[in-house]
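Line order of the protein sequences matches chains A and B.
All residue numbers for the first sequence refer to the working numbering, where the first residue is 1 and numbers rise by one.
All residue numbers for the second sequence refer to the working numbering, where the first residue is 1001 and numbers rise by one.
Don't take every hint at face value.
Quick list of in silico lysine to aspartate or glutamate cross-link-like pairs, EDC-like style, CA-CA up to 20 Å [what the hints assert, rightly or not]:
{"id": "1", "chain 1": "A", "residue 1": "LYS528", "chain 2": "A", "residue 2": "GLU242"}
{"id": "2", "chain 1": "A", "residue 1": "LYS238", "chain 2": "B", "residue 2": "GLU1056"}
{"id": "3", "chain 1": "A", "residue 1": "LYS147", "chain 2": "A", "residue 2": "ASP119"}
{"id": "4", "chain 1": "A", "residue 1": "LYS238", "chain 2": "A", "residue 2": "GLU523"}
{"id": "5", "chain 1": "A", "residue 1": "LYS102", "chain 2": "A", "residue 2": "ASP173"}
{"id": "6", "chain 1": "A", "residue 1": "LYS372", "chain 2": "A", "residue 2": "GLU451"}
{"id": "7", "chain 1": "B", "residue 1": "LYS1041", "chain 2": "A", "residue 2": "GLU83"}
{"id": "8", "chain 1": "A", "residue 1": "LYS200", "chain 2": "A", "residue 2": "ASP273"}
{"id": "9", "chain 1": "A", "residue 1": "LYS467", "chain 2": "A", "residue 2": "ASP270"}
{"id": "10", "chain 1": "A", "residue 1": "LYS179", "chain 2": "B", "residue 2": "GLU1067"}
{"id": "11", "chain 1": "A", "residue 1": "LYS493", "chain 2": "A", "residue 2": "ASP273"}
{"id": "12", "chain 1": "A", "residue 1": "LYS238", "chain 2": "B", "residue 2": "GLU1033"}
{"id": "13", "chain 1": "A", "residue 1": "LYS102", "chain 2": "B", "residue 2": "ASP1045"}
{"id": "14", "chain 1": "B", "residue 1": "LYS1041", "chain 2": "A", "residue 2": "ASP563"}
{"id": "15", "chain 1": "A", "residue 1": "LYS179", "chain 2": "B", "residue 2": "GLU1056"}
{"id": "16", "chain 1": "A", "residue 1": "LYS179", "chain 2": "B", "residue 2": "GLU1033"}
{"id": "17", "chain 1": "A", "residue 1": "LYS459", "chain 2": "A", "residue 2": "GLU523"}
{"id": "18", "chain 1": "A", "residue 1": "LYS200", "chain 2": "A", "residue 2": "GLU177"}
{"id": "19", "chain 1": "A", "residue 1": "LYS102", "chain 2": "B", "residue 2": "GLU1067"}
{"id": "20", "chain 1": "B", "residue 1": "LYS1041", "chain 2": "A", "residue 2": "ASP273"}
{"id": "21", "chain 1": "A", "residue 1": "LYS459", "chain 2": "A", "residue 2": "GLU566"}
{"id": "22", "chain 1": "B", "residue 1": "LYS1041", "chain 2": "A", "residue 2": "ASP308"}
{"id": "23", "chain 1": "A", "residue 1": "LYS238", "chain 2": "A", "residue 2": "GLU175"}
{"id": "24", "chain 1": "A", "residue 1": "LYS153", "chain 2": "A", "residue 2": "ASP133"}
{"id": "25", "chain 1": "A", "residue 1": "LYS471", "chain 2": "A", "residue 2": "GLU451"}
{"id": "26", "chain 1": "A", "residue 1": "LYS396", "chain 2": "A", "residue 2": "GLU451"}
{"id": "27", "chain 1": "A", "residue 1": "LYS200", "chain 2": "A", "residue 2": "ASP270"}
{"id": "28", "chain 1": "A", "residue 1": "LYS179", "chain 2": "A", "residue 2": "ASP332"}
{"id": "29", "chain 1": "A", "residue 1": "LYS179", "chain 2": "B", "residue 2": "ASP1068"}
{"id": "30", "chain 1": "A", "residue 1": "LYS102", "chain 2": "B", "residue 2": "GLU1033"}
{"id": "31", "chain 1": "A", "residue 1": "LYS153", "chain 2": "A", "residue 2": "ASP136"}
{"id": "32", "chain 1": "A", "residue 1": "LYS471", "chain 2": "A", "residue 2": "ASP563"}
{"id": "33", "chain 1": "A", "residue 1": "LYS126", "chain 2": "A", "residue 2": "GLU177"}
{"id": "34", "chain 1": "A", "residue 1": "LYS377", "chain 2": "A", "residue 2": "ASP364"}
{"id": "35", "chain 1": "A", "residue 1": "LYS102", "chain 2": "B", "residue 2": "ASP1046"}
{"id": "36", "chain 1": "A", "residue 1": "LYS102", "chain 2": "A", "residue 2": "GLU242"}
{"id": "37", "chain 1": "B", "residue 1": "LYS1041", "chain 2": "A", "residue 2": "GLU138"}
{"id": "38", "chain 1": "A", "residue 1": "LYS126", "chain 2": "A", "residue 2": "ASP109"}
It is worth saying that the hints were derived from the structure and are not from the lab.
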Amino acid sequence: MSTSSPRDPNPCRPRHFRPGPCGPEPQEGPAKQWIETSRTRLIIAGALMGLAFVVISGRLVEISGFKAGDAHVAHASAPARVETGRADIVDRNGVLLATTLKAPSLYADPKTMVDARIDMRAAARKIVQVLPDLNDAEVYAKLTSDKSFVWLKRQLTPRQMAAVNALGIPGLDFEDEEKRIYPQGRAFAHVVGYAGVDNKGLAGIERSFDDPLRGRHEPLQLSVDLRVQSILRSEIAKQMTEFRAVGGSGIVMNVNTGEVVALVSLPDFDPNDPGDSPTENLFDRVTLGTYEIGSVFKIFTVAMALDDHVTSLAGGYDASHPIQIDRFTIHDDHAQNRWLSVPEIFMYSSNIGAAKMAVDVGTDRQRDFLGKLGLLKTPNFELPELAAPLVPSAWKPINVMTIGFGHGISVSPLQIATAVSTVANGGTMHRATIIKRPEGELVAGRQVMSEATSIEMRKLLRLVVEKGTGKLAEAPGYVVGGKTGTAEKVSGKHYNTHSLISSFAGVFPVNDPRYFIMISIDEPHGDKQSFGYATGGWVAAPGVSRSVERMASLLGIQPVDEDSPEIRRSLMVGLPSPSGRKFASN
Amino acid sequence: MTVIRPSTIVWFCIVVAVGYAMFQVKYEVMQQEQTLAGLNKQIIDDREQIRVLNAEWSYLTRPNRIEDLSARFLHLNGISATQILPLSAIPERADAGAPLAASPAAPIIPAAAPHFAAVTSRSQP
């Protein structure tokens, strides 16, 4: 590059080879150095830009070439799901129990209506004509109020919406709201509960799972089974009608997992319109009601005595005379007036025998044992309506005796279900739950009594149905075992001999327990068919029998022949013969 | 006079083509997006409908209603334990052509009231 080259007329035009100098190029000195520095900088900047382009092209190839089926991209274009403010509730087979649907709500904008010069009185009259449950005067008052937004009616049906639109009154408009629907109506009133107009859960699962239900899309699956629930409910209703009872309750529980399969409290209400029923119908007898359950409690007394080896199936107590303690007399309803063996005490439901057995076990051990079965504190359960049991504050000798046969302590049917399930299933206590456990999941439990005790108790429970007070609970093929209970209700300070709670608590098939079932009938009246009796064996047991017959095949229980030698052997109990000799029961 | 080099023409054509293609793709994408939005709305509407129909299905298959309908039109009774057999009680067919065994399998529970003597002779599962 020489300075002698001729000056270019346009030194900056593009060149195709060796760029010439745009101006005089300094040979040396600081000027040359600056130019060198600038060139270096240009090269660096150019290289950086080039690199950036390479990165961008690389990314382009990556996205278009290799990530075409990326889930991330596909997700962005997937349709949004239906947004509801509350997740559905389904039963263990996926049947819909509660769902949320869109429902338009009608509001008015009185200011617009004034501007449109509408005759408010005529408008109010027209609105009431298509929505007859509104009040003419109230609507008029709302329309003439000095507001720009008043609700007229929440959650209309599509037909009502069309009718209001047909009126053609300006200033009326709809806003989509959500309405909670309970397609199964009363069947699960006390389980599912209900939600208010603002989608807030007010009772049952709707209340205890209010937050989770708002925040999820997948339905909440309960452990209850609609078919079993429906059977239990109809059979309890039938017994209530037959014996003119004021109420009834029932529960079916899986003894090996603690899952509640059916939970019925009658009278009930329609969760779609809970205000329509008397408030006392909202009361859940199974979880919120506590009752002196009577002889059903002897299950725990005998289990406790057997587990503590205070007595054995061969042992017995003298039940020939009533017990006098303080100012009370304990006597037997099915009095045999003789020495009774432990199986006889259980099958004839002897109060005297049970009281003596409880005394033999002792105060502390009785309290411990009942505590271990969860009968002395509020159960841990998912429904918000839970009652604490009524337990004597000072555990006096008289309490030990009466608790031995189920008086002087009030517990909820839910607690009975959990405790009897424990006694029957081999002695493992499972927490009761109404949420479905995953299929085949190993359920943790606490061993609270020996398996041997549990096996002996199964025999005794069977004996009651085979020969004792619970004969009417028999359901051929399903080997029901259980215990009857009849308790007098407390009215004021005394027991009322004419208002009873009659129950049957049982397990089926008792040779290999799968399910617990209990039915309680509140204030039954004996009729001709029951020869005037209103006891658990006459009132509740037939309901259990029919329920088991109907629900067992649905629960996947294969019928067996109770008279087959294997089952006879597994449930055999030695009973003393009237002459004192013992023979195998058959 | 400046001469337009052929490379310039080529580059110019490429720029025009790329520009055209880009706008073409852009409009195509916009249209597709519109279709997608339409379809998504349709899907949401359909899902909403499905929810309504599910609720209605659950309502119409209430056990009491089915029971009433069954009593009115079908005259069926509940299943009893005498009607249930274990799989092992069904006799195996010796060969495809042979007729089934003449005597049907015995139910687990005899239909008549069970009595001890009759039972002991029968094999049980």
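Hints and how they fare:
{"no.": "1", "hint": "LYS528/A - GLU242/A", "verdict": "holds, 10 Å"}
{"no.": "2", "hint": "LYS238/A - GLU1056/B", "verdict": "violated, 28 Å"}
{"no.": "3", "hint": "LYS147/A - ASP119/A", "verdict": "holds, 17 Å"}
{"no.": "4", "hint": "LYS238/A - GLU523/A", "verdict": "holds, 14 Å"}
{"no.": "5", "hint": "LYS102/A - ASP173/A", "verdict": "holds, 16 Å"}
{"no.": "6", "hint": "LYS372/A - GLU451/A", "verdict": "holds, 15 Å"}
{"no.": "7", "hint": "LYS1041/B - GLU83/A", "verdict": "holds, 12 Å"}
{"no.": "8", "hint": "LYS200/A - ASP273/A", "verdict": "holds, 15 Å"}
{"no.": "9", "hint": "LYS467/A - ASP270/A", "verdict": "violated, 41 Å"}
{"no.": "10", "hint": "LYS179/A - GLU1067/B", "verdict": "violated, 28 Å"}
{"no.": "11", "hint": "LYS493/A - ASP273/A", "verdict": "violated, 37 Å"}
{"no.": "12", "hint": "LYS238/A - GLU1033/B", "verdict": "violated, 61 Å"}
{"no.": "13", "hint": "LYS102/A - ASP1045/B", "verdict": "holds, 11 Å"}
{"no.": "14", "hint": "LYS1041/B - ASP563/A", "verdict": "violated, 64 Å"}
{"no.": "15", "hint": "LYS179/A - GLU1056/B", "verdict": "holds, 14 Å"}
{"no.": "16", "hint": "LYS179/A - GLU1033/B", "verdict": "violated, 32 Å"}
{"no.": "17", "hint": "LYS459/A - GLU523/A", "verdict": "violated, 30 Å"}
{"no.": "18", "hint": "LYS200/A - GLU177/A", "verdict": "holds, 13 Å"}
{"no.": "19", "hint": "LYS102/A - GLU1067/B", "verdict": "violated, 30 Å"}
{"no.": "20", "hint": "LYS1041/B - ASP273/A", "verdict": "violated, 32 Å"}
{"no.": "21", "hint": "LYS459/A - GLU566/A", "verdict": "holds, 13 Å"}
{"no.": "22", "hint": "LYS1041/B - ASP308/A", "verdict": "violated, 69 Å"}
{"no.": "23", "hint": "LYS238/A - GLU175/A", "verdict": "violated, 45 Å"}
{"no.": "24", "hint": "LYS153/A - ASP133/A", "verdict": "holds, 9 Å"}
{"no.": "25", "hint": "LYS471/A - GLU451/A", "verdict": "violated, 26 Å"}
{"no.": "26", "hint": "LYS396/A - GLU451/A", "verdict": "violated, 30 Å"}
{"no.": "27", "hint": "LYS200/A - ASP270/A", "verdict": "holds, 17 Å"}
{"no.": "28", "hint": "LYS179/A - ASP332/A", "verdict": "violated, 55 Å"}
{"no.": "29", "hint": "LYS179/A - ASP1068/B", "verdict": "violated, 28 Å"}
{"no.": "30", "hint": "LYS102/A - GLU1033/B", "verdict": "violated, 27 Å"}
{"no.": "31", "hint": "LYS153/A - ASP136/A", "verdict": "holds, 13 Å"}
{"no.": "32", "hint": "LYS471/A - ASP563/A", "verdict": "holds, 16 Å"}
{"no.": "33", "hint": "LYS126/A - GLU177/A", "verdict": "violated, 23 Å"}
{"no.": "34", "hint": "LYS377/A - ASP364/A", "verdict": "holds, 16 Å"}
{"no.": "35", "hint": "LYS102/A - ASP1046/B", "verdict": "holds, 13 Å"}
{"no.": "36", "hint": "LYS102/A - GLU242/A", "verdict": "violated, 42 Å"}
{"no.": "37", "hint": "LYS1041/B - GLU138/A", "verdict": "violated, 39 Å"}
{"no.": "38", "hint": "LYS126/A - ASP109/A", "verdict": "holds, 16 Å"}
In this structure, the hints that do not hold are numbers 2, 9, 10, 11, 12, 14, 16, 17, 19, 20, 22, 23, 25, 26, 28, 29, 30, 33, 36 and 37, in rising order.
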